[in-house]
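Asker: From first to last, the protein sequence lines are chains Y, B, X and Z. Per this note's numbering, numbering of the first sequence is gapless, rising by one per residue and ending at 337. Per this note's numbering, numbering of the second sequence is gapless, rising by one per residue and ending at 674. Per this note's numbering, numbering of the third sequence is gapless, rising by one per residue and ending at 1011. Per this note's numbering, numbering of the fourth sequence is gapless, rising by one per residue and ending at 1348.
Note that these hints are calculated values from the structure, not bench results. We put the CB at the ideal spot given by N, CA and C, even for glycine. Treat the hints with caution; some may be incorrect.
As the list claims (entries may be wrong) - Which chain B residues face chain Y? A few, computed with CB under 7 Å, are given here: (1) 449; (2) 453; (3) 454; (4) 455; (5) 485; (6) 537; (7) 562; (8) 566; (9) 586; (10) 589; (11) 591; (12) 665.
Each chain is listed here by its residues.
Protein chains: 4
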Amino acid sequence: MSPERHRIALFGSGRIGQVHARNIAAHPGLELAVIADPFLEGASKLAAETETVAVGSPEEAFDMEGLDGVVIGSPTNTHVQLIEASIERGLAVLCEKPIDLDLATVRECRDRISGASVPIMLGFNRRFDPGFASVRQRVEAGDIGALEQLTIVSRDPEPAPRGYLSASGGIFRDMTIHDLDMARFFVPDIVEVTAHGSNQFSEDIRELGDYDTAVVTLRGSRGELITITNSRHCVFGYDQRLEAFGSGGMLSVGNVTADSVRAYGASGTEQASLYQHFFLERYNAAYRAELDAFATSIRTGAAPSPGFQDGMAALVLADAATESAASGKSVDVQGAW
Amino acid sequence: MSPERHRIALFGSGRIGQVHARNIAAHPGLELAVIADPFLEGASKLAAETETVAVGSPEEAFDMEGLDGVVIGSPTNTHVQLIEASIERGLAVLCEKPIDLDLATVRECRDRISGASVPIMLGFNRRFDPGFASVRQRVEAGDIGALEQLTIVSRDPEPAPRGYLSASGGIFRDMTIHDLDMARFFVPDIVEVTAHGSNQFSEDIRELGDYDTAVVTLRGSRGELITITNSRHCVFGYDQRLEAFGSGGMLSVGNVTADSVRAYGASGTEQASLYQHFFLERYNAAYRAELDAFATSIRTGAAPSPGFQDGMAALVLADAATESAASGKSVDVQGAW
Amino acid sequence: MSPERHRIALFGSGRIGQVHARNIAAHPGLELAVIADPFLEGASKLAAETETVAVGSPEEAFDMEGLDGVVIGSPTNTHVQLIEASIERGLAVLCEKPIDLDLATVRECRDRISGASVPIMLGFNRRFDPGFASVRQRVEAGDIGALEQLTIVSRDPEPAPRGYLSASGGIFRDMTIHDLDMARFFVPDIVEVTAHGSNQFSEDIRELGDYDTAVVTLRGSRGELITITNSRHCVFGYDQRLEAFGSGGMLSVGNVTADSVRAYGASGTEQASLYQHFFLERYNAAYRAELDAFATSIRTGAAPSPGFQDGMAALVLADAATESAASGKSVDVQGAW
Amino acid sequence: MSPERHRIALFGSGRIGQVHARNIAAHPGLELAVIADPFLEGASKLAAETETVAVGSPEEAFDMEGLDGVVIGSPTNTHVQLIEASIERGLAVLCEKPIDLDLATVRECRDRISGASVPIMLGFNRRFDPGFASVRQRVEAGDIGALEQLTIVSRDPEPAPRGYLSASGGIFRDMTIHDLDMARFFVPDIVEVTAHGSNQFSEDIRELGDYDTAVVTLRGSRGELITITNSRHCVFGYDQRLEAFGSGGMLSVGNVTADSVRAYGASGTEQASLYQHFFLERYNAAYRAELDAFATSIRTGAAPSPGFQDGMAALVLADAATESAASGKSVDVQGAW
C-alpha cells in the first residue's frame, strides 16, 4: 500500500456496506482501514474479502490509527450520532441517505456541526450516474435552453421486506427521497410540493399505513414543473428514467440492460433484455464515482456535493410530500430549510 | 355514387373541417352532401376540391335532401345549437370537442337531447389512433395485469395564435381535455383532480391569464394514479406519448416520425427525424378511423364511443383542473357527472 | 371530373394492378379510363370499386378515347409488347419490373423504342419510399461525406406460390432485382458482381433449381462495396433495411411497424410490434409517390426516373448475379449496358 | 494474498498487456507474478501500478517461482516461441491472436505441441462479450430455429499507425480475423470464402498494398451464408454488430454507448451518444470474462475455448480471404485445417 492513501473506516456491512467496502478496497487513493458492525460475523466475512479488519463497535473503529474519513452505511437511526462523532474527530464523512427520519433531529445535528471544517457528503448516488450526470451537465450548458419541465419515473423491482419497510419512514422518506434529490439536482430551489399516494398491490404496505404507489409534483422558483412517478414494484426491472424538457429541446436518461441484444420473432420485434435488476447493478458505476468524489474532497478539502444541506433539503421535501398526500393540499416549502 | 352511401352535412371548413371533408369524400360508405360555413369562400374552395356544394348557413345545409348525419367542425360556441338542430331532424352527429366551454350549457343540452335515439359521437380522435387503440385493447385483455399508473405526455409544437387562445377556455379546456379523455379511455371512473399551471415562455398566454405549461394528476376509483404533462410548445414536434403501467408489465405509445431514417455522425448516433409536426399528420389515420366508426354507428344505429357523456365528463375534469390549479387543492369529482 | 386529368389505361388487375387502380382513382391529376385483363371477372370487380370500366384485351383498352398513358401491371411476358404498343400510340408508360426476363429481348425492345419521345418509367417503387428517398437525398447532399459502403437487407415474409416462382426467372431476377436497383439508386455505376445462393428451407424452391437465400456483393466504379442479403422468408415481417456508410457518418433506413407501441414485461422490454407484413403495406406511400412522379412526367414531358435504362441495368446485374452464383467467380459488368 | 491463487506471468506491457495486467491483478483467483517486456520502462511502470515485478526477458519471467500460466500479449512474431516455451514448462497459455501471420509456422507449432496437456487458449475476446455470448447461447438453445444467415459489421474508429499496419499481415489477418472467429463461433464448419477489398480513404494503406475497406462472404457446411463488412475508420465510434437470422426469428447485438442519454431538438430526435470508442471500452467486460475462463481452465484442467485449433482456423480463413480478394474467385476451404 502506498502511504498517501486515505484511510477509511466503514460503518455497516449490509448490502450497501458491501458495495462501499469493495469500492474503497479497489480505489487507488483509499485504504479500507476497518469495518465496524455489531453483527460481527457479517463484518468479518466482508473484511476477509476486502483484506481488512472487522470490529463490533464504532469506538473500536475510531480507535484505528491514522483515519482520514468514514463511510456510514449503518442503519438510519445511527447516522446522526456517527456523523457527529466522526466530525469531532476531524474525519471526513460520506453518509448514506437519509441523515435521519426526523427533521428536528437533523436540524439539531446541523446546528451542532455547523462550524465543522471537514467534508460532509451525502450518499445521493444517482447524481453520479453517467446518464444523469451527463444530462445535468448538458442542461447547465444550455443544450435545451431554459429548463421548463422535469419528468422522473422511478420504480423498484419489488418491495423491500416488511421489517425494512416498517422502519423506513414511508415511501416518500425512503424511496422518493432519491427522486426529490434528483429534482433538486436540476432545480435546487423548490417552492411547492404536492403528493398523492395509493395502495395498488401490497397488503403489507397497506397495513403499515404506507403507500406502494405515489406521484409527486414539485414547483421550482421559476415555475418549473416536476413530476415524480413511483411504484414499489416493476416486473421488467429497476425503472429509472428522467426527461428534462426545455425551450430548446429535451434530454432523457433511459433504462440500462445488461447487454445490447434485441430479439425478433413471430410475436414481436426489437425486444431488449430486462433492465438491470436493482440499484446494485444500475448504479454500480455511480457508487464508484461517488466514492471518487469523496476521495477528492478528502484530498483537496473542497466542500463535497451533495452535502449535508442537500440531505436536509430532501428530507424537508419528503416531509412535505407526506403531509400533502394526507391533506390533499399543496405544501409551500419556501424558506423551509 | 352507390345509393347506399350515407349523406353527410359538414359544418365548418377550417383546418379540422378540411380533414373531415377529405375523409368523408374518400370514405366508401359516406357521401359529402354539403359544406356549410358563413365564410363562404373557404367552404366553396373545399367543396370544389371534394366535389360537393357549399352553403353559407346551417339552415341551407339542413335543407339538403336525404341527409343521414352531420359532422360539426365549426367554432365551439355553435356546437350545442347545431347538435340540437341536428338531433331534432333525426340526424346522427359527430361533433368536435368540446361540446361547449360552459358546463351548465352542456348539461342543459344533455337534458334537452336526453330522449334522442340517433347516434351522438364526440370527436376525441386520439382514441382511434392505432397506437393508443392497440394499447387500450391490450390493457383490457389483461396484458399488463391490473392497471396501476398512466403517464401521459402531450405537447403541442407551438402555441395557437392569440386570437384562438383568447377564446379557447384555457389550457385545461382546450388542450388538456384531449388527455383527460385519454385518461378516461383507460380509467373511466376518475374521482379526484389535482392540477398545476405555470407560465414558462409565452408572454401572450400570461397576459390572457392562461398557462403555457401544466401538470395534472388524476386518481381513479380503484386508486389508479394518472399524470398528464402538457406544454404549449415543443421544438422537436408534436409530443404525444402514453405509458400504461400495471402489475404485470407496461405498454407504451411513442411518437411517430415521417420516415424510419436514423443518422450516425461525429456528434451522436441513432438520431431519428423530427416527430410529425402536429395533429393533422400524427392523427391522420385516427381521423379516418373515427369517421369510419361514425359511419358504422349510422349504419347499425349502435351507440358510438366516445359519446356525448364522454364529452361532458372531459369538461367536468377540465373545469376541476382549472379550479385546482387556482386553489392549490385537489378537487373531488365523484358523482360530478 | 375536371377536364385536365390525364387518362390512364391500366393493364392487369392482380395484386399490383389493384394497388395502381386505387392510387390512380384517388390521384387528383389522373383519371382511370379503363382496366384491361383477360381475367375479366377480376378486372370488372376492380373497375366497379374504382368507378371505371373493364375490358378483356389490350386492343379494347387502347381504343379508349383520349388516353394519355398506361400503367403496365400484367404478367412479365406481356411487358415488352405492351410497352411497344403504348409508345406507338404516343402514350406515356409506367411499367412494373422487370421489363422482361430475357436481356436480349430487352435490348431489342430498347432498339425499337429508341426514338420515342414519351416518358417511359420503370416501377422500382422503393426509390419513392420516404426513408430510402430521404437517405438518397442526404447522401447526395454530402451528409455522410464520400459513400464507401452500402448494406442492404431484404427479406420477404414468405415465399410466393410455386406457380409464381417457377416463372419468376429465379431469386436474382425476381427478388434481388429490387435491391440491385436500390444499389444503383446510390451507386449507378456498378463494375463487378459476385453472388452466392443457398437452399436453407424450401424444398419447392430447391426443386425448381432456384435459391431461397442469397448474398450479393457489388463493386462500384469508385471502389464502393455493396452487400445485399436476401431471404425468401422472415417470421417477423417484411425486412427492408439499408445502411449507407461514408467517411463522415452513416444513414440507415429501418423497418416500419403499424404502430408505435412498445411492450415491457417479465421476459423482456421495449418489444415493438411486427414489421408491416409485405410490400403492399410497407410501400404504400411509395406506390403513391411513384404514381405522382409518373403524373408529373406526363404533364411536363420530363424524362422519368427510374427509366427504361434503369430497368435494363438491373436486369444486367441480376443476370451477372445468376452467373456468379453458379460459377463461384466475380463477373465484370463494366460497359455491359 | 491467499495461497490458492494461480500465478501468472504476463508477456508484453503494451496496450493489450495493460488490459491483462489490470484484470489479472483484480482477479480473485489469479496473481500477477511478473511482467516481461524488453521495453523495461513500460513494464516497470505497469508493474508498479499492479504491485508486481518487471523483467526484461522471457527467461527471467520463466525463472519466477511457482508459475501456473502465462498470458502472451507481446508482438505477434514472438507468439509461437513463447507458446512453445511455456508448454515445455507445463504452463497454461492464454495467447493473443494471431498465433502467427504464417500458416506454415502455425502448423509446425501445432505439430510440436500436439501432445501437450496444459490448457492453450486463444484471445478471441469477443466470444466473451455479454451480447455476443448471449446471442450464441440463445441460437444454440434454438431461439431462432435453424441459423440461416449471419451478418457481421465491424468497423474500427480509425486506422492504426502506419508502422503497426505495415507489420499486421493485412486487413484480413489483422482485423477481419476477429470477425472470422466470430463467424466460426456460430458456424464452426466454414467451407468457402469469398472476399473483396477496396481502398476508399487511406493513402497510407493503399501504399502498403493493403485495403482499408473489405467485405467477406462465408458459406457454412449446411449452406449458411455469412457476410462480414469491415472498414478501418468510422466517425461515430467502434461499430461492432451482429445479426443471427434463422427460420424462427433473429437475434441482434447492437453497439454500446457510455450512457443511456438521448437528445431531442430542432434538428432531430432520440439522438444517442457516440458508441464506445474502441475495443478497450467496448470489450472491457469481455476481457475480464475471457481471463476468468482462462482461470477456470487452469483450475479444472478443462480444454479452453477458443483453443489453438480455433486460432489456426481463423488464420486459414484470413489467408483464403486474402487470396480471394486478389483472384476474384471463391476459395474452397473444406478440410483446410
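Asker: Closer than 7 Å between Cβ atoms is the bar; does residue 562/B clear it against chain Y? Give me holds or violated.
Answerer: holds, 5 Å
Asker: Given residue 537/B was flagged as interface, is its beta-carbon under 7 Å from a beta-carbon of chain Y?
Answerer: Status holds, d = 4 Å.
Asker: With a cut-off of 7 Å, does the beta carbon of residue 455/B approach a beta carbon of chain Y closely enough for the hint to hold?
Answerer: Given a least distance of 40 Å, the restraint on residue 455/B is violated.
Asker: The hint names residue 453/B as touching chain Y; please verify it with the least Cβ-Cβ distance against 7 Å.
Answerer: Because about 38 Å separates residue 453/B from the closest Cβ in chain Y, which is outside the 7 Å limit, the hint is violated.
Asker: Identify whether the interface hint at residue 665/B stands, where standing means a beta carbon of chain Y within less than 7 Å of its own.
Answerer: Holds - the Cβ of residue 665/B comes within 7 Å of chain Y, reaching about 4 Å at its closest.
Asker: Are residue 454/B and chain Y close enough, Cβ to Cβ, to be under 7 Å, as the hint says?
Answerer: violated, 41 Å
Asker: Given residue 485/B was flagged as interface, is its beta-carbon under 7 Å from a beta-carbon of chain Y?
Answerer: holds, 4 Å
Asker: Could you check if residue 589/B really has its C-beta closer than 7 Å to a C-beta on chain Y?
Answerer: Where the cut-off is 7 Å and the nearest Cβ of chain Y is about 11 Å from residue 589/B, the hint is violated.
Asker: Take the shortest C-beta to C-beta distance between residue 586/B and chain Y; is it under 7 Å?
Answerer: Because about 6 Å separates residue 586/B from the closest Cβ in chain Y, which is inside the 7 Å limit, the hint holds.
Asker: Let me know if the C-beta of residue 449/B comes in closer than 7 Å to any C-beta of chain Y, holds or violated.
Answerer: violated, 36 Å
Asker: Using 7 Å as the Cβ threshold, decide whether residue 566/B counts as touching chain Y.
Answerer: For residue 566/B, the interface hint holds, since the closest Cβ of chain Y sits about 6 Å away, which is under 7 Å.
Asker: Classify the hint on residue 591/B as holds or violated, based on whether any CB of chain Y lies nearer than 7 Å to its CB.
Answerer: violated, 12 Å
Figure legend: structure checked against the earlier numbered hints; hints not met, in rising order: 1, 2, 3, 4, 10 and 11.
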